[in-house]
Amino acid sequence: MTSDTVGFLDILLLISFSSLFSLGGGNGPLAIIQDRWVNSGLLEPSLFSWALALGYLSPGPKAGFLSGIGYYMYGLPGALAAIIGIILPTLVGAGAVTYWFDRLQPVIKRISLPAGFVIAGMISAAAWNLAKPIALTPIEIGAILAIAIWVGWRSPEPAFIVLGAAGVGLAGWMLA
Amino acid sequence: MTNDPAGQSVASRIEPIQNSRVSLATLSLILFKIGATSFGGLWAGTQKLERELVIKRAWLTVEDQKALMVAATLIPAPKFLAFGGMVGFRLRGWTGSIVALFSIMAPPALCVLGGAIVLNPDVLGGPMPTLTRTVGIGVIGLLFGNAIHQIRSSRVTPRQRTIGIGIGASVAASAILGAPLILSALAGLALGIWLIRPGEENES
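Quick mapping for you: the protein sequence lines, in order, are chains A and B.
Number 79 in full-length UniProt numbering belongs to position 79 of the first sequence; there are no gaps in the numbering.
Number 202 in full-length UniProt numbering belongs to position 202 of the second sequence; there are no gaps in the numbering.
One chain only, chain A, in its complex shape (with noise of 0.2 angstroms):
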């Protein structure tokens, strides 16, 4: 723990406020967190970066990282805080959303059939700002064309996909 001045409130209200910059798939919290608790010096680097690579290599929504960040702020409290922190507002937005959604549906029918092309470039964005800071090899590019294009027609589970990769790294390491 590196923080004596953080409490449970602090957190819910911070991991509140920062999930309201992830609008449209931004990485909010991450920033938010990183702004307020590692700059300040209340949270250790290592500590931050340590939490979002578990986070990366846990599976389900990627802020899963967070209960990582509370548990380090705060303890068990902490990672509790942190969590109820990102469900209250995604909570009433979901909530929210989903009623218009209820009664819009002539309007979700007229979305529905381009936003699959729309989604398709919402990914590719994602998968390209993922790989961009990577400084990827000629093999790395490969091995991704060849998990896209094996993904993309015979839908393989992905979690094969993760494990084979973490595999790899493993194997790759211990060769070195």
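Hints were generated in silico from the structure; no laboratory data involved.
Keep in mind that a hint or two might mislead.
[Said to hold, decoys possible] Example chain A residues on the side facing chain B (calculated, C-beta under 8 angstroms, incomplete): (1) THR5; (2) ALA51; (3) GLY60; (4) PRO61; (5) PRO89; (6) ARG110; (7) LEU113; (8) ALA126; (9) ILE134; (10) ALA135; (11) PRO138; (12) GLY169; (13) GLY172.
All C-beta atoms in this analysis are idealised placements derived from N, C-alpha and C, irrespective of residue type, glycine included.
Dock chain B against the given chain A, drawing on the hints supplied.
Chain B only, in chain A's frame:
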């Protein structure tokens, strides 16, 4: 999407079941399962979501799923979480949404929490950079593969498909060049609604 011998989408013939028939325990179990077995976020999990929610359970139609995925970007929250919350709300109202949100969030939160409690960066300091790099490459491949799957599964005419691919490429390019993703997506949707109209869909 699964196709029958006649080539018609199985999912397109499934009507959503009555909401009251979905118990909170079942909802919780399925959302927990999705949370525990999906990697790479909402986009990478689209095929799994389609299998679980559309084909196996018939809780949503394919069109519902796509519309909810787009609607998830309108909520100021992580998209995967927002999608789960909306699925829960559609099936069981506010209670369903709360159950769905906690269930889908539980696996990653517990994994990270376990890692934070048991491990520290020094323990796995050696293989960690290599592991995160190779897993990252796998996830990037998954994301691009799901983009291909989205395009391939759209039931439109060849002309509409060509227009749609152009729109998708424009959305991706503008977001990559620095435009806010939500604005790029909304502009792409507006253009798509104008250019890709219902009635021309290729049913075969």
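Verification of the hints:
Restraint check, THR5 (chain A) versus chain B: the minimum CB separation of about 20 angstroms is more than 8 angstroms; hint violated. Residue-level restraint check for ALA51 (chain A) holds (minimum Cβ-Cβ distance to chain B is 6 angstroms; threshold 8 angstroms). For GLY60 (chain A), the interface hint holds, the least distance from its beta-carbon to any beta-carbon of chain B being 4 angstroms, beneath 8 angstroms. Interface restraint check: PRO61 (chain A) against chain B, minimum CB-CB distance 4 angstroms, threshold 8 angstroms, status holds.
At a threshold of 8 angstroms, the smallest CB-CB gap from PRO89 (chain A) to chain B is about 6 angstroms, leaving the interface hint in force. For ARG110 (chain A), the suggested interface contact is upheld, since its CB lies about 5 angstroms from the closest CB of chain B, less than 8 angstroms. The beta carbon of LEU113 (chain A) is positioned within 8 angstroms of a beta carbon in chain B (closest approach about 5 angstroms), and the interface hint is therefore held. Here the hint on ALA126 (chain A) is kept, as its CB sits about 6 angstroms from the closest CB of chain B, short of 8 angstroms.
The interface hint given for ILE134 (chain A) is met, as the beta carbon of that residue sits about 6 angstroms from the closest beta carbon of chain B, less than 8 angstroms. Interface hint status for ALA135 (chain A): violated, as the beta-carbon distance to the closest one in chain B is roughly 10 angstroms, over 8 angstroms. Contact between PRO138 (chain A) and chain B, as hinted, is not supported at the beta carbon level, the nearest pair being about 13 angstroms apart and thus beyond 8 angstroms. Nearest Cβ of chain B to the Cβ of GLY169 (chain A): about 3 angstroms, under the 8 angstroms cut. The hint holds.
Hint on GLY172 (chain A) holds. Least Cβ distance to chain B is approximately 6 angstroms, under the 8 angstroms limit.
Violation of the numbered hints given earlier is confined to hints 1, 10 and 11; the remaining hints are satisfied by the structure.
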